[in-house]
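Chain order of the listed sequences is A and B. For the first sequence, my numbering begins at 45 and goes up steadily by one. For the second sequence, my numbering begins at 4 and goes up steadily by one.
Hints should not be assumed to be uniformly reliable.
[Claimed, not checked] Per label pair, the in silico range of CB-to-CB distance: (1) A/G94 - B/Q134: 25 to 31 Å; (2) B/G261 - A/K75: 30 to 36 Å; (3) B/P62 - A/Q81: 44 to 50 Å; (4) A/K83 - B/L73: 15 to 21 Å; (5) A/K75 - B/Q77: 39 to 45 Å.
[Unchecked claim] Here are some chain A residues pointing at chain B (derived, C-beta under 7 Å): (6) T103; (7) Y106; (8) I126; (9) Y127.
For the record, the hints were derived by calculation from the structure and aren't laboratory data. By construction, the Cβ of each residue, glycine as well, lies at the ideal position given by its N, Cα and C atoms.
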Amino acid sequence: MMQISELYTLLLLMLLLFLVTSLIRVFIERKRLKREQFKTVTLIKCSKCGYTEEREFQTGDYILKPEKECPKCKAQTRIFKIYDVKVPRK
Amino acid sequence: MMLWIRNIKMHLARIERLVKDAKKKVLDVLKKGGIKGDPEKFLNTYLQFFVIDPVRDEPTNLMRRLEHLLDIRQKRMKLGLKQVLPDLGEFTRNNLEIMIEAARALDLIYRIVRHYLMLGQKTNNWILIMQLELEMPQIVKLAETYYKALDAFKSGKPVGDGIGALVAATLMNSGGSAIKKEIVEDTIMGVTERKGRKLYVIKAKGPGGTVGKPGEAVKKVVEELKGKVSRIIMIDAALKLEGEKTGEVIEGVGAAIGDPGPEKFKIESIAMKYNIPLDSIIIKESLEEAITPMRKEISNAAEKVIEKIDKALEERTKEGNIVVIVGVGNTVGIAQ
Numbered sequence: 045m046m047q048i049s050e051l052y053t054l055l056l057l058m059l060l061l062f063l064v065t066s067l068i069r070v071f072i073e074r075k076r077l078k079r080e081q082f083k084t085v086t087l088i089k090c091s092k093c094g095y096t097e098e099r100e101f102q103t104g105d106y107i108l109k110p111e112k113e114c115p116k117c118k119a120q121t122r123i124f125k126i127y128d129v130k131v132p133r134k
Numbered sequence: 004m005m006l007w008i009r010n011i012k013m014h015l016a017r018i019e020r021l022v023k024d025a026k027k028k029v030l031d032v033l034k035k036g037g038i039k040g041d042p043e044k045f046l047n048t049y050l051q052f053f054v055i056d057p058v059r060d061e062p063t064n065l066m067r068r069l070e071h072l073l074d075i076r077q078k079r080m081k082l083g084l085k086q087v088l089p090d091l092g093e094f095t096r097n098n099l100e101i102m103i104e105a106a107r108a109l110d111l112i113y114r115i116v117r118h119y120l121m122l123g124q125k126t127n128n129w130i131l132i133m134q135l136e137l138e139m140p141q142i143v144k145l146a147e148t149y150y151k152a153l154d155a156f157k158s159g160k161p162v163g164d165g166i167g168a169l170v171a172a173t174l175m176n177s178g179g180s181a182i183k184k185e186i187v188e189d190t191i192m193g194v195t196e197r198k199g200r201k202l203y204v205i206k207a208k209g210p211g212g213t214v215g216k217p218g219e220a221v222k223k224v225v226e227e228l229k230g231k232v233s234r235i236i237m238i239d240a241a242l243k244l245e246g247e248k249t250g251e252v253i254e255g256v257g258a259a260i261g262d263p264g265p266e267k268f269k270i271e272s273i274a275m276k277y278n279i280p281l282d283s284i285i286i287k288e289s290l291e292e293a294i295t296p297m298r299k300e301i302s303n304a305a306e307k308v309i310e311k312i313d314k315a316l317e318e319r320t321k322e323g324n325i326v327v328i329v330g331v332g333n334t335v336g337i338a339q
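Between the sequences and the hints, there should be enough to build the whole structure, so can you do that?
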């Protein structure tokens with residue numbers, strides 16, 4: 045029959061195992077969250093011919109801000125959208 | 004209990020660091036803007052600024068009393084910022100106002116967690132400590148969300164909550180040039196035509212960070228048109244449940260607006276007064292996605308919302324009808 049001291053040892057071992065697996069899970073989760081990064085993109089569009097261009101966000105950008113001339117039809121382009129995209133994991 | 008207390012203290016230290024960093028970011032903007040006087044003293048005044056809720060046991064004029072208090076609070080903050088930063092542009096000042104709000108929320112979280120921790124220790128109340136320990140991961144996540152929001156408002160990037168404003172701005176500029184005017188404080192109305200219907204499109208005045216007064220604007224437009232509006236369509240971001248897809252667009256009825264009450268009350272009242280059907284379209288997102296830079300999937304939902312508006316116009320209104328469209332949400336980074 046199992047003695048009390050053996051039962052305690054078994055319980056302690058189980059607790060230790062639980063703690064170690066929990067720690068590993070927390071570590072993996074943190075690493076996953078740290079890796080999830082975003083970058084902000086500005087999408088410029090010409091409302092006349094539909095030409096679009098993407099570039100990185102610059103301070104001062106806002107949606108509907110007039111931008112440079114359209115390289116295709118020479119009409120005035122505007123910032124159409126500004127959004128965050130996930131940066132692929134390295 | 005000792006382990007729980009240790010863990011809570013560890014999380015609390017993390018929140019404290021976020022509060023300090025947030026304050027530093029706000030102070031940097033204040034200093035950069037050329038603040039008159041002591042920036043820290045100015046910030047501390049607004050960090051613990053409070054509004055006392057109106058008496059709710061007596062409901063007479065409750066919404067008007069609440070609106071009055073909220074107006075006073077906002078005007079006081081705007082005036083305070085204008086006095087110390089007179090040369091800063093209106094939009095940057097609006098963004099700074101929201102940054103102070105985010106820092107205030109963070110500071111409040113920190114002080115509340117510290118309060119319950121100290122109270123639990125003082126009274127040896129293990130139930131209080133246990134509850135706090137179990138809630139800590141969510142509390143830290145909330146604090147981190149407010150911290151991330153600071154960067155969006157600092158750089159003037161559109162946030163997820165601005166999807167309603169984005170749809171309104173797109174509609175205002177889709178059918179040729181709409182006639183636009185500031186109908187009430189910080190709120191723009193544009194008149195345009197779509198599918199043979201006359202649209203009165205309402206949104207907050209951008210690109211600074213503000214939500215405007217959409218309720219007051221709807222009330223004014225409907226009253227000016229003597230109630231001859233065939234439909235009111237509201238567009239807003241709504242909190243999704245865990246497991247739901249970000250950017251999902253769904254329809255319903257009622258006033259889609261998450262204000263403390265006065266704006267929603269005005270829209271419901273005016274719709275009821277003239278018996279105008281009130282439709283709403285919501286875009287699902289999490290709290291984090293709502294106050295941090297707009298994700299691509301949320302931005303892409305704008306086209307889906309416009310498709311639903313077109314369908315609603317064709318199916319539920321007739322040619323020549325007048326429809327009021329309200330894009331609700333913070334318009335930071337979105338002009339009109």
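#### Entry: Hints that the structure is at odds with (numbers, increasing)
1, 4
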